[in-house]
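Peer 1: Since chain A is already given, all that's left is putting chain B on it; use the hints.
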Amino acid sequence: MFNWANDVEKQVCEIVDSYGPIDKDGLVGHDSLFSLSLLRPEYITYQGKPLVNQISIMFDDVHKLTPTQRANFLKTIIHLRPPVSVWLFERLEALSPTETFEGTTIGRDYRETSLEKFWRPNPNSKAFERAIKNVADKRAKLSYEFHERSFSDCLKETFDAEWESKLNGINLKLAERVRNEIKSSITFKSWVKEVEKREQLTSSPLEKAIAWRTLEIMIIRAKRKAQLTLDLDLPVLSLDAKEELRVRESAELFLAKEFKIPYYYGFTKVSDCSSLNFDQFLSFAGELFEEIISMSLTRKGPLLPPDRQNQILKRVAEQKWEEIPRRVPRGRDVQGFLEALCVFAQKETFAPSASYPPGVTGVAITMEEYETLLNHLKEGKMDGHANLAYIITICISNNLLDVIPDYNQGGKKWWLLYLNRWLCIKFNLPLGYGGWRGKSINDLIKWVKPNKK
Amino acid sequence: MTELRWDPYFLKSDDDFILFWEPYLAQGNKKILFVLGRGFDPRMCNGLRKIVNCGGGSVIDCLQIAYNEGPNSPSLKHQLNLDTNIAEYDSIVEQCNGQSVKTINMWSNDYPSRRRVGDRNAVDVVFTGIGEITPYTDVIIDISALPKGIYFPIISKALYLLDRGKNEPNLKLPNLFIFVSENVHLDRQIIDVDIDETPKYIHGFSSDLEREGLKDKPVIWIPILGEGKMVQLERIYNFVNPDEICPVLPSPSFNPRRGDDLIIEYRELLFDRWHIEPQNIIHGHERNPFEVYRQIKKTIEHYNEALEPLNNCLAVVSADSSKLISLGALLAVYELKRKNKSVGLTNIEAQGYEMRLKQGDNNSNHRYELFTLLLDGECHGYP
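Protein sequences appear in the order of chains A and B. The opening residue of the first sequence carries number 1 in the numbering used here; numbering runs sequentially from there. The opening residue of the second sequence carries number 1 in the numbering used here; numbering runs sequentially from there.
Relax, there's no trap hidden among the hints.
Derived lysine to any residue pairs resembling SDA-like cross-links, with alpha carbons at most 20 Å apart: (1) K64(A) x E210(B); (2) K10(A) x E212(B); (3) K200(B) x T66(A); (4) K166(B) x Y136(B); (5) K200(B) x D17(A); (6) K24(A) x G129(B); (7) K157(B) x D17(A); (8) K215(B) x V8(A); (9) K141(A) x E291(A); (10) K341(B) x N3(A); (11) K337(B) x Y19(A); (12) K200(B) x Y19(A); (13) K172(B) x G131(B); (14) K77(B) x G384(A); (15) K50(B) x P23(B); (16) K157(B) x D23(A); (17) K157(B) x S18(A); (18) K337(B) x D7(A); (19) K341(B) x E9(A); (20) K215(B) x E9(A); (21) K337(B) x E14(A); (22) K339(B) x V16(A); (23) K75(A) x S35(A); (24) K157(B) x Q64(B); (25) K200(B) x D60(A); (26) K64(A) x K200(B); (27) K64(A) x D196(B); (28) K347(A) x Y263(A).
Partial pick of chain A residues on the chain B-facing surface, computed with a CB cut under 8 Å: (29) C13; (30) E14; (31) Y19; (32) T66; (33) R326; (34) R330.
In short, the hints are calculated from the structure, not lab data. Owing to the predicted nature of the structure, the values given are computational and were not obtained by experimental measurement. The beta carbon of each residue, even a glycine, is placed where N, CA and C say it ideally should be.
The following block holds chain A by itself, in its conformation from the complex (with noise of 0.2 Å):
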């Protein structure tokens, strides 16, 4: 049977390859799956009995069929109705056109699963988490220098007496400025109480600082709501627990960039930074699983402090971002692109009053501009917005950014375009998702360096 196969697939490659004319009469192969229809469990059997109850065929990168050959390919397996299940496996193409299914009904006929939906079934899943961290505990546990140890435990989520120091010294700094920002508001005065009771509940200096900064914020916030409704006597209120909470991320995140405090460490920021996508994942996890090799041989034990994680992190991406002209097509042109998008997350995530807390990561057209940006590349224009569509192609496919089509939001649909999280790292963003800002075609066009001719 394999020396069968083996000849049909040696003639079929040697048609494909030859410069010759095709004789048509002397075709080899075959047009259909037939195949599938053979491989039942009954004909699979050893010493009478099957040796299997289902059989599920696997056809991998379907993406690399070309647009007809890939319309064939599914309308023959769903005509064929066959007795197995067959799984397809194909990467969402950058900018391509949904395809569905003819005459057939989800979940009935066939069922779509996105491996981003997989992961991420709502923003709070840990199932990515979960499994990478599973690979790498797996990987510590054959390493002796890990110590017995898993390889999360060994990403130290605290920090060492000098940086405790340090942190106090923040604390202080804050705690003065909060103070003298707030002058003679009773609003102020009680939520600066708040923060000071808090304060002896816990001995963190890291929490500390975050309180204090996430109370800056909120002072930020309440001041700007009072000039825009006029009223310069601000009422006596409680802290908003729910707005304190979102306001938090961000006063991390601003006080690491302030005070140059690491921000991207722990197992969770790392699997956070992999964009649900394994292959990143390694190329994180490897600098740091050598580095906790290097610690443990000179005898500085397998635990990794926050600030080397936030460094190794950091360089990493700063590693990926040097790659970018010579791995992407128009790399210069793509980091260009990338650079204006994340400078304005950038703009957008450190406003003193964090309007988008924890951040902006991703920007967003709606639907009807997608369709159109699409348009003007099928046709081969040679304009802006062709330019702009080959770009974000580039993007996509180079696993640059992360596509959610038609999402919506405030009666629209948007196609939405999240960073990838790596980039978040080079450009000191946050790595949580939810963050986006709608734009105009005309903006992103603005972004883009023309092409040169």
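Peer 2: This is chain B only, laid out in the frame that chain A set:
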């Protein structure tokens, strides 16, 4: 080693070029098809100019190959250089018998998931059949301004047509010459821009390499090394996933230290990461593609012989070096393929090319050496 198709071989350069072409053209009764690429490379018209000066003008039909790299190609930056070349070409072609243009689209039109189809189009567009070349006594393909992805398939299609034509009685076949205007210095300054993520096999040289049924066979990779090709080499390595690597170094070469310099440049890649055995290194003459052809062919046959108990091996050749030396790779693979060996020729394309001349360096102060190679013809036993 089995018999060599190109032994003895015909290779002329510099003064010998004129010494051969002047009397050859003076014989009369010649009708020449001159194929050349339309590009920004300053060497585009060197070959045509020289052969016209040798007295061939009135018997030459020019076929210009234009290749469309798409609206986003970085090569478009060199429109001025291209215009200069076209102006020169127009002035030379006035002295010729006729001219035509054929365009090769490097990309498919199925946006947005477009694919590279340049090699396939080159095979289909340039010589559609034997009838296109038999009216001529000589076909000259000048590859000086053509990228590998185009000239490899054009030359191999021409060889294929001639080989098929030999089976047809009473068919008068033309001689097939290749012109290369060689300048290693300039080659280094023409940089691949936006290199493709994935290499591909040149059309006509892939069949066995992509077969699922042969996935277990050992793979030998023979990369011809050239300067500044780290990314290309890494990507081809990942694509080919070889079991054994035999890099080809240009030696002897015009710069006697060139081989050493390449070893220094790729030391980490070759020895620290790929763990290549020093005895695997092949030395190929920088200015003699027939020598390179001989070396590569010998190596592949040797591996096939040694691995015969394991049902032979697959061999992949890649050429990221100068045009002349790259021709050696094509000849070796073409011949072995004709002998039903499992060999492939891989190439990694770029979105376009940029000429980065150093300060004080201009096109006119480059010294070019024009080579002419005879790949098929009367001296190879034509009827």
